[in-house]
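Sequences are here, hints too, so could you generate the full structure?
Sequences listed follow chains A and B, in order. Following the working numbering, the numbering of the first sequence begins with 1 at its first residue and continues without gaps. Following the working numbering, the numbering of the second sequence begins with 1 at its first residue and continues without gaps.
Since no wrong hints were added, every one of them can be taken at face value.
Simulated restraints on C-beta separations:
1) Gln31/B to Glu97/A: 18 to 28 Å
2) Leu39/A to Gly54/B: 32 to 42 Å
3) Lys71/A to Asp78/B: 39 to 49 Å
In silico lysine to aspartate or glutamate, EDC-like type, Cα no more than 20 Å apart, as pairs:
4) Lys42/B to Asp83/B
5) Lys67/B to Glu5/B
6) Lys44/A to Glu5/B
7) Lys70/B to Glu93/B
8) Lys44/A to Glu45/B
9) Lys78/A to Asp57/A
10) Lys44/A to Asp7/B
11) Lys44/A to Glu93/B
12) Lys44/A to Glu3/B
13) Lys78/A to Asp63/A
14) Lys56/B to Glu104/A
15) Lys83/A to Glu14/A
16) Lys70/B to Glu3/B
Don't read these hints as lab results, they were simulated from the structure. Glycine included, each C-beta is placed from N, C-alpha and C at the ideal position.
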Amino acid sequence: EAGVAQSPRYKIIEKRQSVAFWCNPISGHATLYWYQQILGQGPKLLIQFQNNGVVDDSQLPKDRFSAERLKGVDSTLKIQPAKLEDSAVYLCASSLEGLAALQETQYFGPGTRLLVL
Amino acid sequence: QKEVEQDPGPLSVPEGAIVSLNCTYSNSAFQYFMWYRQYSRKGPELLMYTYSSGNKEDGRFTAQVDKSSKYISLFIRDSQPSDSATYLCAMSETRTGGSYIPTFGRGTSLIVHP
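This is the structure we're talking about:
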């Protein structure tokens, strides 16, 4: 079974530029998550999709971050304009449903490392 | 005070040692507890989960939860160099809609040297 794919793996941009990340979840997984992991911290949920609808985006900085999941499969996360404090690893994860069962598992991709200069 | 506290380490041990990793939490509504392992430049992977106080064993790994003290532990027996990674504790409460989204600790870096 192929895992969660993310691209690019690394990105360096200057502040105020825009950037986009792409995620392809495990086939058949209805739920997709984007997390931000700042160096030395645990992942923080930014947004959760169930198919192509948003379930939770309460921690997404909506003035600069946006995400979409067209057709309920792939997803893109965009930052515009980027700030220095956005330097982090952006992790995409997917699960079969929406973690509604205790035994359900999230599967994480390798992440995209963003450095904002 | 953060909801989940975890010492970042690094924790360096010799091969074969018993490792103890710990987290404390402040939110008494947390009822579902997890441990993730994250290798360098990889995403986290779920190691173990537990729902209640007590111990849960899986091979060389034992997860322990003490809800009265708001304290959880992960023990690794006969540690191996391949166990070298960052270990993240995570916990969740049931949200509206019944989704167990985890709140993560910052992770403890473990180094097992031959």
